[in-house]
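> One letter stands for each residue in the lines below.
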Amino acid sequence: MSVTALKGEAPPTPAKKSADIVQLAVPARPAKPSRLAGLARGVAVAVVPPAIVLALLLGLWELLCSSPGATLPPPSTIWSEARDLIVDPFFVNGPQDIGLGWRVLTSLQRVAIGFGLAAVVGVVLGVIVGQSVWAMRGLDPIFQVLRTVPPLAWLPIALAAFRDSSPSAVFVIFITAIWPIIINTAVGVRNIPQDYRNVAAVLRLNPLEFFLKIMLPAAAPYIFTGLRIGIGLSWLAIVAAEMLTGGVGIGFFIWDAWNSSRLSDIIVALVYIGVVGFVLDRIVAGIGAFITRGTAAA
Amino acid sequence: MSAYLQLDHIDKSFTRGGATSEVLRQVSLGIAKGEYVSIIGHSGCGKSTLLNIVAGLTPVSGGGVILEGREVNSPGPDRAVVFQNHSLLPWLSVYDNVRLAVDKVFSGLKSRAERHDWTLHNLDLVQMGHARDKRPSEISGGMKQRVGIARALAMQPKVLLLDEPFGALDALTRAHLQDSVMQIHANLGNTIIMITHDVDEAVLLSDRIVMMTNGPAAHIGEVLEVPLPRPRRRLELVTDPTYLKCREAVLKFLYERHRFVEAA
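Going down the list, the sequences are from chains A and B.
Just so it is clear: in the first sequence, position 97 is 97 by my numbering, and no numbers are missing.
Every number in my numbering is 298 more than the matching position in the second sequence, counting from 1.
These are calculated hints, taken from the structure and not from any lab test.
Remember, it's a predicted structure, so these values are computed and weren't measured experimentally.
Using N, Cα and C, we set each Cβ at its ideal position, and we do this for glycine too.
Each hint should be verified, as a subset may be incorrect.
What the hints assert, rightly or not - Covered stretches of chain A (chain B as the covering partner; in silico rule of three or more C-beta atoms under 8 Å from a C-beta of chain B):
1) 199-209
2) 212-220
To be verified - A short, non-exhaustive set of chain A residues, derived as facing chain B with CB atoms under 10 Å:
3) Asn191
4) Pro193
5) Asp195
6) Tyr196
7) Ile291
8) Arg293
Using the sequences provided together with the hints, build the complete structure.
Rendered as C-alpha cells:
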C-alpha cells in the first residue's frame, strides 16, 4: 500500500517545480521495479517467516540434543551421518542401498494403484448411495462401521487373502482411501439442486448423460474433498503398511533403519514423507480447483 | 375437447407423514395454439404445482394433461420450462447451456453445423449472442433469464412454460424482458403458459388471465379475456380504458373476493 501511495504522490511534485529538481528523476525509479519488487515481496512474505521459524527450531533442537546424554541426534549429526541420503535422492549402490527418492517412488506407485482404484470404485459407490434411497439405507450403516476400522487392521486379512505383501499393501491403501471418497461423493450427489434434475428431466437426458453432464460436474467439489482426504490417508497408511510388509518402500526403510539403529536416516526419511504428503495434497487440491472452477460460484 | 392443450379435471394432493393436503381440485382449462395464458394467484395457491404438472415434473393425483390429443405425464422438451431461478448449469458457458438442449433435442435431426447455427440463432433472439462464451456467474440476473428463455425456445417446444420468469428481477430489467417475450411471441407464435403474481405483467402479456382461488384445494376462480390488440405498447396502455378495466378486474378478484388470509 505504501509503495503505491508514494507513486501516486511523486509525479505531481516535479511537474509543478520542474526546473529545480530535474536531476533527481525520482519518478523513474519506483515506476519500473515496482512489479518486480511486488513479486519479490510476495515471495519473501511466503518464504521468510517459515524459514526463520525453521532455523529457530533447528537451533533449539541442536541445543537440546547436543548434550552427551541425549537420546536423539542433533541436526549437525544427522547432516554428517546421513549426508548421502539428503544430497542425492537417486543413488543406487546395490539392491538394498538406494536413494530415498527411489523408495518414495516405489511407495508412490503403490499409492497410485490403490488410490486410483479407490477413486473409481468410491465415486461409483458414492453415486449409487447418493442416488438411491434404498442403497443408502442398506449400505450406509455398513460403510459407517467399516470406515472406523484402522487401516492396519485390514493387513492380516489382506495378507491371508492375497498371500503376497505387495498387493496387500495396495489393498490397505484402497480400503483406507475409499471411505471418505464414497461418503463425500454421496453427499455431493444428494445435494444436486432439484433445478438441475428438472432441467435434465425436461431435456430427457438418459442416465449416462445425466451422470456425465449433470451429476459429475455438480458433485465435483464434494468428490474432490473426498479425494483430498483420501490421498492424505493413503499416504499415512502406506508408511505403516510397508513397515510390516517389507520390500523397497519408504516405510520399510524406516523400519529397517530402526532395526540397525540409524536414527539419522529415520529423521531424513520423515522429512521426505512429510514433503511428499504435502505435495500430493496440493496436487489433488490443485486439480480440484481447476476442474471445479465453474461450479463453486453458482 | 378440441383445445391444443387441455388440462382435464386435475386433482393434486400431497401426502406427507400420513397427512394428506389437497392442493388443486378439479382444475380444467383449454388453451388454443398460439395463445398466451397467465395463471395468477396468491403465494401457496398451487400455481407452480399446476405448471409442474403440465411440465410433467409432478404427477397428478387425478385428471390429466392432453397435448394435441395425447396425454402427457412425463417431462419432455415439447413442454420447455423457463425456471424462476434460471437453472443454468454453472459449469457450462452460455453457449454450452443452450447447446446442451439443442444437441439433445435435435441429435438425429440436424447436423453439427446446423445445431451450432440454431444455438446462435436462439441466443440472438434474446440478444445474448455477445455473451456466448461467458459463464452464468459472469452475467447479470436478467441476462441469465434471457439465456434460460433461449434454452427453452431452442427446444422448439409446443408449449412454453414460464414459472415466474421475471420474479427475481428489478423493475426495469423486468420491463425489458417482458418486451422481449412479447416480441418473441409475436414473431414465433408460441403457445405460452406463464405463472405470475404481478397484475400488470399478466394484463400486459396475456390473451387470457386465469385467476386461482386460495388453497388448500385451489381451483380456477375466474378466467379473464384481455381484448387488447397486439402489438401492445406499455406506455400507451397506461391510460387505455380496457387495460385499466382488466387490471381492476384482476385486482378485485385478488384483493376483494380472495384475500390472502395469512398475509396481514
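> Could you run down the list of hints and mark each one as holding or not?
Going down the list of hints, with the structure as the test:
1. Given as covered by chain B, the stretch 199-209 of chain A passes the check, having 7 residues with a CB less than 8 Å from a CB of that chain where 3 are the minimum.
2. Counting residues of the stretch 212-220 of chain A whose CB lies closer than 8 Å to any CB of chain B gives 5, which reaches the minimum of 3, so the coverage claim holds.
3. The interface hint given for asparagine 191/A is broken, as the beta carbon of that residue sits about 14 Å from the closest beta carbon of chain B, more than 10 Å.
4. The criterion of a C-beta within 10 Å of any C-beta in chain B is met by proline 193/A, whose closest approach is roughly 8 Å, and the hint holds.
5. Nearest Cβ of chain B to the Cβ of aspartate 195/A: about 4 Å, under the 10 Å cut. The hint holds.
6. The criterion of a C-beta within 10 Å of any C-beta in chain B is met by tyrosine 196/A, whose closest approach is roughly 7 Å, and the hint holds.
7. Interface hint status for isoleucine 291/A: upheld, as the beta-carbon distance to the closest one in chain B is roughly 9 Å, under 10 Å.
8. Hint status for arginine 293/A relative to chain B: holds, with the closest Cβ pair at about 8 Å, below 10 Å.
Hint compliance for this structure: hint 3 alone is broken.
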